[in-house]
Amino acid sequence: MSELNTNVVENQLVKERASQRYKDGFVTDIESVTIPPGLNEDTIRLISKKKKEPEWLLEYRLNAYRHWLTMPTPDWAKLNVPEIDFQAISYYSSPQTKAENAPKSLDEVDPRILETYEKLGVPLHERERLAGVVAVDAVFDSVSVGTTFRKELAEVGVIFCSFSEAVQDHPEIVKKYLSTVVSARDNYFAALNAAVFSDGSFVYIPEGVRCPMELSTYFRINANHTGQFERTLIVAEAGSHVSYLEGCTAPMRDENQLHAAVVELVAMDDATIKYSTVQNWYPGDENGKGGIYNFVTKRGNCLGRNSKISWTQVETGSAITWKYPSCILRGDNSSGEFYSVALTNNYQQADTGTKMIHIGENTKSTIISKGISVGKSQNSYRGIVRVAKSADNARNFSQCDSLLIGKECGAHTFPYTESANMTATLEHEATTSKISDDQMNYCLQRGIPEEEAISLIVDGFCKQVFKELPMEFAVEAKALLDVSLEGAIG
Amino acid sequence: MLEIKDIYAKAGDKEILKNLNLSVKPGEVHAIMGPNGSGKSTMGNLLAGMPHVTATSGSVTYQGKDLLQMEPEDRAAEGVFLAFQYPVEIPGVNNMYFLRTAYNAQRKHRGEENLDSASFLRMVKEKIKQLHMSDDLLKRPVNVGFSGGEKKRNEVFQMAVLEPNLAIMDETDSGLDIDALRVVADGVNQLRSPDRSFVIITHYQRLLDYIEPDFVHVLVDGQIVKSGTKKLALELEEQGYGWLED
Ligand SMILES: Nc1ncnc2c1ncn2[C@@H]1O[C@H](COP(=O)(O)OP(=O)(O)OP(=O)(O)O)[C@@H](O)[C@H]1O
Ligand SMILES: [Mg+2]
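The listed protein sequences derive, respectively, from chains A and B. When the first sequence is numbered by numbering that gives the first Met the number 0, its final residue is 489 and no position is left out of the sequence of numbers. When the second sequence is numbered by numbering that gives the first Met the number 0, its final residue is 245 and no position is left out of the sequence of numbers.
The reader is advised that the hints may include incorrect statements.
[To be verified] One-sided excerpt, in silico: chain A residues whose CB lies under 8 Å from chain B:
(1) Q444
(2) R445
(3) G446
(4) L455
(5) D458
No lab work stands behind these hints: they were computed from the structure. These numbers come from a predicted model, not from an experiment. Built from N, CA and C at the ideal position, the CB exists for glycine as well.
Whenever a hint applies, use it, and build me the whole structure from the sequences.
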């Protein structure tokens, strides 16, 4: 699509999406099977049984749980996290129609669920979407309700299905890679996830295959008093290529809901994984009531030579965000990228960033982080660049920019570097700025009203990150920023 | 078109304009000259409604309306354009996108439909050609990394696209080489029409060789101390401002 047409589409969509505050805050009225709140070994056995899991996976869960019990809650982030009552949460909820008998085709999915996704702008029919073909795995509370374009993908050998199905149909791959990137003991929330995880997506790209379409997962929390604990695994064999997108929304509720996910990526020789997220969990209201607590561990292992993993995230939602998509650069010449926009408004708190661990020779990493703080929110970038002794000629470039809108918000950066190799080149740039009066005056003088001017300037501030997103997601991201900026003036 | 009457105005806390009077009729070109710090830019900023300049007394009427009561973006939409002395950089925002946002915001204010992208692009390309400027001006972020001359040209380009009724040009000729000066002058001359007026702030009578003004005014210490024709600019060039100051 030409730049020109892109702009037309962009603008229409942006206008539509920006017209309402949190437009995805509705609840779908559907009977669900939700297990009673509470967490103990029986809960875990029940989840595992519901999913008809093999014994080894139950053992894995139980081990994780037992370890989790011994772990303290992490307190190193610049976040004010209220105590979470893990016994008050239900760990499994599934729409009833799905519960006993998983639908094999999209025609069998409850129309109310199809309608929900339609309303969210993610139609589950296999029609070409705006920017071309995108296959979707739709996760509704604790289960995947459908995955599109499976046949087309299977023809080239790509496996794209829910994690639960993968456990049944491809246990050898799951067993081989599960927890190889994020161990069940990695951190408090990763351990919790390993114990109680429900659905997520599974992607396997065979050797030499360039995935013919974008893959995406759309996570939706619907039921109340539940948490969502999804788990995603993407394996890209040698010489393969995949671009994966993830979106998330939840109803507006006064209660806080927990979302603790784990994502593991593995890239072999010459493989590329591009992982994009637009995170729009309900952020809570303007007084800080409600919203999702988002504690996520995402990590990619660049195992092969010349492999590449690129994370792009646009974080506008959640009351609390605790998230550090990272890369382990093990293969020689491998590269990792992290492009991030995090916008916080009202009482939102975000502590997000990345870890780039250089182990192989000539490994390269790029970090571009754009934090925007509005209202009374707090926004922190936290990053580590670690260069192991073995990583000759490792290179990192980090750029962390913060934009403050208003006087009561905060922006913080915590960039750590640890290098054990003299040949490493590490560059770091950081800026903190405000929208200047001169910029605002310039826009006003050209006839652009204040609200539009802020949106324009913020969009410009985020340009380096937005250009990494697939077109359709870039549109969504820009629209979300506009909505999230509401009330930024005055 | 524009009637400035007995204006006293502050820039920040400092009183700068002291009893300023100026009347501009449709189709006229007025040149404003005067020493550094005399209040020329302050006058432009007052007309454009920039928040740091406030009138303490007097009135400004624009097309029959009380200009000082209008929001800056509304003034723009009703045809007031200020080419800034120091155009500001807006990183990441491409020039064309910026200009289209401005263009459509102005149309919206006037109750008109948005111009679609294709028509806008066509129009903009036509203007660029008329002004003998290069297309890549459109793709670059607003003024970022522009040379001084490029920034000034960009102001003229924006003016050509927005087609104001009253254009105030604040030293748009400063720092330009002779070719660029011609480009800027062409831009103004192409826009000249019986219902469009210009207030051109400049230090150099050279510009006025290319843009024939109807009147030349000298602003000293916040007020107009002498008005005349183009001949006045020549006298100023020879003699400086000293003879006018007391
Ligand atoms: N925001 C402000 N606060 C205080 N003083 C200001 C402010 N803006 C301008 N001034 C002062 O107002 C006076 C007039 O400035 P102005 O920019 O209008 O002069 P000018 O005639 O345009 O000069 P030049 O030819 O150098 O561009 C100067 O003394 C300047 O320092
Ligand atoms: Mg000036």
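Consistency of the hints with the structure:
no.: 1; hint: Q444; in the structure: 5 Å, holds
no.: 2; hint: R445; in the structure: 4 Å, holds
no.: 3; hint: G446; in the structure: 4 Å, holds
no.: 4; hint: L455; in the structure: 6 Å, holds
no.: 5; hint: D458; in the structure: 7 Å, holds
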